[in-house]
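From first to last, the protein sequence lines stand for chains A, B, C and D.
Position one of the first sequence corresponds to residue 1 (our numbering), numbered consecutively onward.
Position one of the second sequence corresponds to residue 1 (our numbering), numbered consecutively onward.
Position one of the third sequence corresponds to residue 1 (our numbering), numbered consecutively onward.
Position one of the fourth sequence corresponds to residue 1 (our numbering), numbered consecutively onward.
It is worth saying that the hints were derived from the structure and are not from the lab.
Take the hints with a grain of salt, since some may be wrong.
Unchecked claim - A few chain A positions that, by computed beta-carbon distances, are all more than 10 Å from chain D:
1. ASN3
2. LEU69
3. GLU99
Unchecked claim - For each label pair, taking beta carbons as the anchor points, the in silico distance ranges come out as:
4. D/GLU123 / C/ARG297: 35 to 41 Å
5. D/ARG215 / B/ARG272: 30 to 36 Å
6. A/ASP17 / D/SER44: 35 to 41 Å
7. A/ALA15 / C/ARG215: 47 to 53 Å
Since this is a predicted model, take the numbers as computed values, not measurements.
Every residue gets a Cβ at the ideal spot worked out from N, C-alpha and C, and that includes glycine.
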Amino acid sequence: MTNFKTTILANQEVAPDYYRMKILAPEFDRRVRPGQFIMLRALEFGEPLLRRPFGVFQTGSLPADCDGLPDKEFLEILYKVVGRGTTLLRGLHEGDRVEVLGPLGRGFETVAKSGQQILVGGGIGLVPLYMLAGELVRQFPVRMLIGGRSRKDILMVTEFERLGLETYVSTDDGTLGNAGPVTRVLERELDRFPDAAVYACGPMPMLEAVNGICAARRVALQVSLEAFMACGVGACLGCVVEGAGHSEEDPRYLCTCKEGPVFRAEELDWERLARRVSEGGADHE
Amino acid sequence: MTNFKTTILANQEVAPDYYRMKILAPEFDRRVRPGQFIMLRALEFGEPLLRRPFGVFQTGSLPADCDGLPDKEFLEILYKVVGRGTTLLRGLHEGDRVEVLGPLGRGFETVAKSGQQILVGGGIGLVPLYMLAGELVRQFPVRMLIGGRSRKDILMVTEFERLGLETYVSTDDGTLGNAGPVTRVLERELDRFPDAAVYACGPMPMLEAVNGICAARRVALQVSLEAFMACGVGACLGCVVEGAGHSEEDPRYLCTCKEGPVFRAEELDWERLARRVSEGGADHE
Amino acid sequence: MNSPSPKGKAKETGPDLSVALAGLRLKNPVMPASGTFGYGEEYSSYMDLGRLGAIVTKGLSLRPKAGNRTPRIAETHGGMLNAIGLQNVGLESFCQDKMPFLRQISTPVIVNFFGNSLEEYAEAARQIDHIDGVAAVELNISCPNVKEGGIVFGTDPTAAAAVVGQVRAVLNKPLIVKLTPNVTDITLIARAVEDAGADAICCINTLTGMAVDIRSRRPQLANGTGGLSGPVLKPVALRMVYQVAQAVNLPVIGVGGIMTAEDALEFLIAGASAVQVGTANFVDPAAMIAVIDGLDRFCRQERVPALAGLIGTLCC
Amino acid sequence: MNSPSPKGKAKETGPDLSVALAGLRLKNPVMPASGTFGYGEEYSSYMDLGRLGAIVTKGLSLRPKAGNRTPRIAETHGGMLNAIGLQNVGLESFCQDKMPFLRQISTPVIVNFFGNSLEEYAEAARQIDHIDGVAAVELNISCPNVKEGGIVFGTDPTAAAAVVGQVRAVLNKPLIVKLTPNVTDITLIARAVEDAGADAICCINTLTGMAVDIRSRRPQLANGTGGLSGPVLKPVALRMVYQVAQAVNLPVIGVGGIMTAEDALEFLIAGASAVQVGTANFVDPAAMIAVIDGLDRFCRQERVPALAGLIGTLCC
Ligand SMILES: Cc1cc2nc3c(=O)[nH]c(=O)nc-3n(C[C@H](O)[C@H](O)[C@H](O)COP(=O)(O)OP(=O)(O)OC[C@H]3O[C@@H](n4cnc5c(N)ncnc54)[C@H](O)[C@@H]3O)c2cc1C
Ligand SMILES: Cc1cc2nc3c(=O)[nH]c(=O)nc-3n(C[C@H](O)[C@H](O)[C@H](O)COP(=O)(O)OP(=O)(O)OC[C@H]3O[C@@H](n4cnc5c(N)ncnc54)[C@H](O)[C@@H]3O)c2cc1C
Ligand SMILES: Cc1cc2nc3c(=O)[nH]c(=O)nc-3n(C[C@H](O)[C@H](O)[C@H](O)COP(=O)(O)O)c2cc1C
Ligand SMILES: Cc1cc2nc3c(=O)[nH]c(=O)nc-3n(C[C@H](O)[C@H](O)[C@H](O)COP(=O)(O)O)c2cc1C
Ligand code: FES
Ligand code: FES
């Protein structure tokens, strides 16, 4: 957990409203776990005030220039433009200054013994799954299920395929891959591999459906959640979700930023989660 | 008086902390009078909120590119970096978007019958005198007196000389031109040309001294004032100065933005002006 | 609303933006906030004033008022402080020099005014009531009662009711009362003002604030303190508009930090029947036109046939 | 201040940043605002906590508190709204799980606490008084008196005096009372609190505000309203600190919108003996260190030998 000022190496549109940003981040690679995130802000802008949370898509390094400097280690985020902060990010260029707090939070646990590993990503929710896939594929057979509303919401398929995964795409409107919800593919795959481990990230309704399916089949599930965040370090208590067994009398709040964003499904109170309004990436599919 | 969104053509440092900015402004030339100003803001920045007033240094046009488009008519400002707004301006580049309200206010009157025209500019205060000099020099002999604290505060001497003026430089510390206040040169010149007309812009203490000299000799004086401004159009009453004959019972406030920024010396209440704190370009010499 | 819009092109009728307010029918809910738009004329070259829902004048008093020493304004993060000191030309000069222009504009004129004693308020109201072409008055009660120890009328329910009562007694035109946010419980003031005969409530005036120049160790304003306005005010204004709209049966005009149509919509949904735009006029002289156009666009996009249908629809 | 600074290099002694506060001597006037810094530990990897003038904990209550539903935060122009609902681990767990860490930090620990009745306040104070390693307490009176109809203690001089009196009666440690800005006249509350036995006043808590989602037509916070903090608050906070410092003979802690050393200096000059940094911690976890370093730099540049000499030096 560090906070550092750094510069942007690249900020490219990959699809309408979706951008990839490479940020210079020496030694970040050593410290980050799949599923962790950063809090990012552009320097020299007063507004918006608060940083914005983004999952780490990947880390890597750009070859040195002829100037004899070492390779440029970077971290990369993949973001969708949805509001003030991301609109501002879209306008930034190579060389612009940003400040990064991270890596933050608890990432995915990859303690699975054996068997199929199934990753389910809805829309921009596939971000934290990319590093995870890269790690899992070294040991296990990995299937990547990518869902979205429409063709334009499906990103990075080639990148995932290049990792050597079985990749399945589905769209609600059938404009790419299977027509229908990604959960239908999940059920089909779980029929074939009933003791797979599942990892999911995406809009809340998708996560609920995934949880329903996995719970019914007693399949181990980890989910990555979203929440409005102010501090990112567990200090403000703005980002809490209700944990399993929560009640007014015996509150069991978990900070999405610190005890999450990745949770084992059984740690959460899914009934209350379903009642949350306007948070958790509903707008981000 | 119009309000228009436009783009920056150039933004160059001319001396440490002093910048020239050319702004695309078709047909502005026809409308602006020497001494008028604009209210400027950078688009896509929330902060600072209010526009900033700048005198129009000059207008002109850049030759058309090979693209067959017409010449690019521009207005130019010359500014000193002193705070939040000007720090932001300094960071802008060719192609960045700005919004211009103007030309605003009352400029210089050039109704002199004949004789010597003496212009006195202190520090950044020479800005509104450049267009004025250009206009006067076509009809009259013009002397330009430029003063500043030190060598680094003296700008645009060559530009003024190129207009064909007699130009005299003085600095308080003697690092350029005559050592001493610019008012000493003014007195010398008024000794030679007792019925000259004087035009001045600069920090308040300089203007007071100039007014003292001109009043004693009954020489016609016009001054350009500064004030904090919010609206620039006479609506907020934030920028007022006390006019001659002002009293609590019979208030005679003048809006610097609308009835000024150029005033005939006799229109103002110089005693009250002298008591103003922290306004009027004290920081801008 | 059966007649075709005057400048209307031959296409389908747009959404109905009109609202009712204290007996007036406004073509749209957008008007300037007092003191930020002069007497209208100042902005006439930047827009067609006739497009505004109404025009609200700078605050007027019986006699001309000098206002405060300068500096009168200072910028703060996301807002500004002003201590103009209610400088104005006085009612007489207003009638002579400003009203002839305002009468030509095809939108209701609302005169904002204030006094420093009950008598001053009442006498001003009496005079304004006779001004031809004034559609309604807006009573600014954020002023100290100089005669009675200087307590600000608008911070005390009894004092607020007293001044509203005095004015009501002599006024036939619709009476809008503008509240100060510098109070513990704005609903108490709102109810007192309602009982005393107001026809509408305007909410809110500026929050009192301060800024210090750390080099000179002086307040940045000659007056010491000043009124905070601009985007910073919006959350507080919105909360108070919501509270007041719940507490009284009068229409509420929302004001405080409105910069865009989205901001205006927040106020309408929270319970405002109309909105005023203040500081935004300084940032963009055409801000109100942009707000009106934005409201129209929103209604089309969201298929809202009549904007008035959104008023007070917040679900809590 | 004769002893050489512990980590001191062999150069001239720097300016003296220390301040006195309610019987404590702080190495500098900068501390976190309650609720924005957790229990200290959360930020320990970003700074040397020992450099802070003091540490103020999240607001604690007798028993653990669940807090509000989410969303609990929303961003506004230049600030944020929060409705955390005072979620906290409760005093018992605080003593067991948080104090051992805090005791190791070489700076005074100030415990912020609240209750929902006079009895709760008093019992909490009694317990905190016995906690080893707590240097002072900060009493948050911006809470409703649930037993007595829900009026917020801090908005009424009598209720404020009552709660301060109850706590004073059982507390030996220095007592700081934190005021809410949602009042008509903060000096009335400050004087009542002074008379009831406070040792210092902390000024201010958040302004109540609201934000609306125009698509769903719901408040952005599950709770409806929330507390406004951040840079937007500074002009109001500064004005109130100035007023309170004039009105009472107690030291005042200034809080509200402080982001930089310059902001902190405005508060000190206006009369604050110390400052708290809240929302800025979220924007930059090392904000307080930057403020401390900036104060040091300012003193060197302006040749101020002792920062305390600047307190309350505003010339009006
Ligand atoms: C742990 C975590 C990881 C994330 N990873 C990514 C990622 O890899 N790529 C990506 O594009 N986005 C990611 N998000 C979501 C991202 O943080 C928000 O899209 C972003 O903060 C929006 O900022 P804005 O200023 O553009 O939008 P705003 O103007 O603040 O809001 C616009 C809309 O976005 C929604 N929103 C705003 N902030 C959040 C938030 N913190 N969480 C959920 N919804 C929000 C609101 O519902 C609002 O309607 C992540 C969020 C979290 C909590
Ligand atoms: C009619 C007019 C014409 C002007 N022409 C020029 C010009 O041609 N070139 C130029 O460099 N400057 C000019 N100025 C001054 C210029 O407007 C200010 O320097 C600028 O607004 C400062 O903005 P800032 O955000 O950088 O400073 P801020 O952060 O707002 O303030 C920094 C310091 O600048 C001073 N200051 C701020 N605003 C003003 C103001 N409006 N008037 C006077 N002092 C101010 C304050 O004392 C403060 O200490 C003019 C001002 C007026 C009123
Ligand atoms: C420069 C200025 C002058 C003002 N003058 C008056 C006034 O004369 N009468 C009044 O009732 N309100 C006055 N106000 C308050 C505004 O009408 C409005 O209530 C306040 O600015 C909040 O709105 P805003 O955030 O949109 O500016 C003034 C505000 C400003 C900024
Ligand atoms: C997320 C959050 C939680 C807060 N919790 C508390 C609290 O528990 N007790 C308290 O007295 N003040 C609390 N406050 C108020 C702050 O201590 C401070 O008074 C306020 O935020 C203004 O300062 P700022 O503008 O620097 O943030 C909280 C503020 C925020 C933003
Ligand atoms: S974002 Fe502050 S606690 Fe999680
Ligand atoms: S700047 Fe508004 S009246 Fe001059």
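Verification of the hints:
A beta-carbon of chain D comes within 10 Å of the beta-carbon of A/ASN3; the shortest separation is about 5 Å. With a least beta-carbon separation of about 27 Å from chain D, A/LEU69 lies farther than 10 Å from that chain, consistent with its non-interface assignment. Distance to chain D contradicts A/GLU99 as a non-interface residue, since its nearest Cβ pair spans about 7 Å, not more than 10 Å. As the Cβ distance of D/GLU123 to C/ARG297 is approximately 57 Å, the hint placing it in 35 to 41 Å is violated.
For the pair D/ARG215 and B/ARG272, the supplied restraint of 30 to 36 Å is violated, since their beta-carbon distance comes to about 54 Å. Restraint check, A/ASP17 to D/SER44: a C-beta distance of roughly 39 Å satisfies the suggested window 35 to 41 Å. Restraint check, A/ALA15 to C/ARG215: a C-beta distance of roughly 51 Å satisfies the suggested window 47 to 53 Å.
Violated hints for the displayed structure, listed by number in ascending order: 1, 3, 4, 5.
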